[in-house]
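Asker: If you read the protein sequences in the order shown, they are chains H and U.
Numbering-wise, the first sequence is residues 182 to 292 according to the working numbering.
Numbering-wise, the second sequence is residues 6 to 118 according to the working numbering.
Watch out, some of these pointers could steer you wrong.
Claimed, not checked - Here are a few chain H residues that sit away from chain U, every Cβ distance over 12 Å (derived from the structure):
#  : residue
1  : 196
2  : 198
3  : 199
4  : 208
5  : 222
6  : 238
7  : 241
8  : 256
9  : 258
10 : 267
Unchecked claim - Now the in silico label distances, taken between C-beta atoms and shown as ranges:
#  : chain 1 : residue 1 : chain 2 : residue 2 : range
11 : H       : 248       : U       : 67        : 37 to 43 Å
12 : H       : 248       : U       : 25        : 30 to 36 Å
13 : U       : 7         : H       : 190       : 27 to 33 Å
14 : H       : 263       : U       : 45        : 15 to 21 Å
15 : H       : 197       : U       : 23        : 20 to 26 Å
16 : U       : 25        : H       : 220       : 33 to 39 Å
17 : U       : 103       : H       : 199       : 27 to 33 Å
18 : H       : 219       : U       : 16        : 18 to 24 Å
19 : H       : 197       : U       : 67        : 48 to 54 Å
20 : H       : 236       : U       : 23        : 43 to 49 Å
21 : U       : 18        : H       : 205       : 36 to 42 Å
22 : U       : 66        : H       : 197       : 39 to 45 Å
Since the hints were made in silico from the structure, they are not lab data.
Since the model is a prediction, treat every value here as computed from it, not as a measurement.
Cβ coordinates follow ideal geometry from the N, Cα and C atoms, glycine included.
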Amino acid sequence: TQLLEQSPQFLSIQEGENLTVYCNSSSVFSSLQWYRQEPGEGPVLLVTVVTGGEVKKLKRLTFQFGDARKDSSLHITAAQTGDTGLYLCAGAEDNFNKFYFGSGTKLNVKP
Amino acid sequence: SAVISQKPSRDICQRGTSLTIQCQVDSQVTMMFWYRQQPGQSLTLIATANQGSEATYESGFVIDKFPISRPNLTFSTLTVSNMSPEDSSIYLCSVEEGEEGYTFGSGTRLTVV
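With the rest of the complex left out, here is chain H (with noise of 0.2 Å):
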């Protein structure tokens, strides 16, 4: 059973648009870190979120973690090609031992 659902599992946009991704559970998590993965490589985190409301930018990226801790976003301002990637949400429900991976988010930015 998945614990953490993202929607679109996958996602084809032109160069410059704008997209949000979305990873929603019924599940209260104390934190939650978004990664993007390449092909042959293991996922690299982006950012973690632990405060209810969070929000968090990263150049062309905006995080945001959901006021009950159950959802979080991530919004891609103009994409580029270099974002393509496998996006995954993870979240941990007691401490940041322990995470658990959403279904994935497959983005192509064609040029």
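Based on the hints, put chain U in the right spot on chain H.
Answerer: Frame of chain H; chain U shown alone:
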């Protein structure tokens, strides 16, 4: 961040055989984690490995099928035993670094024929 060396990077194995995957970390870490990932899909946690104690397995994974060793604070192995084609997947080890998140090895792509 920790640097993890994972090997082999890929292997093709006959059904019924076993494969041991190794992960070496360049620093001492308390907990190491083993994940399985179908290409392009999400990660499923197999087990958590602590040094000096038996690994803790997630639902659907058992020690007889996926024995894990953790002889010291920088090394761990995962064995995929009595393999079948359903075991074909990418296997990743990782360590947690608090708010720095998880650091992953580059993965082992296993194909069982």
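Asker: Regarding residue 66 (chain U) and residue 197 (chain H), is the given constraint of 39 to 45 Å on their beta-carbon distance met?
Answerer: At 43 Å between Cβs, range holds.
Asker: Are all beta-carbon distances from residue 256 (chain H) to chain U longer than 12 Å?
Answerer: The claim stands: residue 256 (chain H) keeps its Cβ more than 12 Å from every Cβ of chain U (closest is about 20 Å).
Asker: In terms of Cβ atoms, is chain U entirely out of 12 Å range of residue 222 (chain H)?
Answerer: Given that some Cβ of chain U is not farther than 12 Å from that of residue 222 (chain H), nearest at about 6 Å, it is violated.
Asker: Can you tell me whether the CB distance of residue 219 (chain H) to residue 16 (chain U) sits inside 18 to 24 Å?
Answerer: Cβ of residue 219 (chain H) to Cβ of residue 16 (chain U): about 21 Å, so the range 18 to 24 Å holds.
Asker: Take the C-beta atom of residue 248 (chain H) and the C-beta atom of residue 25 (chain U), compute their distance, and say whether it sits inside 30 to 36 Å.
Answerer: This hint is violated: roughly 46 Å between Cβ atoms.
Asker: If you check the beta carbons of residue 248 (chain H) and residue 67 (chain U), does the distance land in 37 to 43 Å?
Answerer: Given about 39 Å between the Cβ atoms, the range holds.
Asker: Measuring Cβ to Cβ, find out whether residue 199 (chain H) lies farther than 12 Å from everything in chain U.
Answerer: Non-interface label stands for residue 199 (chain H): nearest chain U Cβ at 23 Å, farther than 12 Å.
Asker: Does the beta carbon distance between residue 7 (chain U) and residue 190 (chain H) stay inside 27 to 33 Å, or does it fall outside?
Answerer: holds (31 Å)
Asker: For the range 15 to 21 Å, tell me whether the beta carbons of residue 263 (chain H) and residue 45 (chain U) fit it or not.
Answerer: holds (18 Å)
Asker: 33 to 39 Å was suggested as the range; check whether the CB atoms of residue 25 (chain U) and residue 220 (chain H) agree with it.
Answerer: Given range 33 to 39 Å: violated, Cβ gap about 24 Å.
Asker: Determine whether the Cβ-Cβ distance between residue 197 (chain H) and residue 67 (chain U) falls within the hinted range of 48 to 54 Å.
Answerer: holds (49 Å)
Asker: In this structure, is the beta-carbon distance linking residue 18 (chain U) and residue 205 (chain H) contained in 36 to 42 Å?
Answerer: Since residue 18 (chain U) and residue 205 (chain H) have Cβ atoms about 38 Å apart, the given range 36 to 42 Å holds.
Violated hints, in rising order: 5, 10, 12, 15, 16; the structure is consistent with all others.
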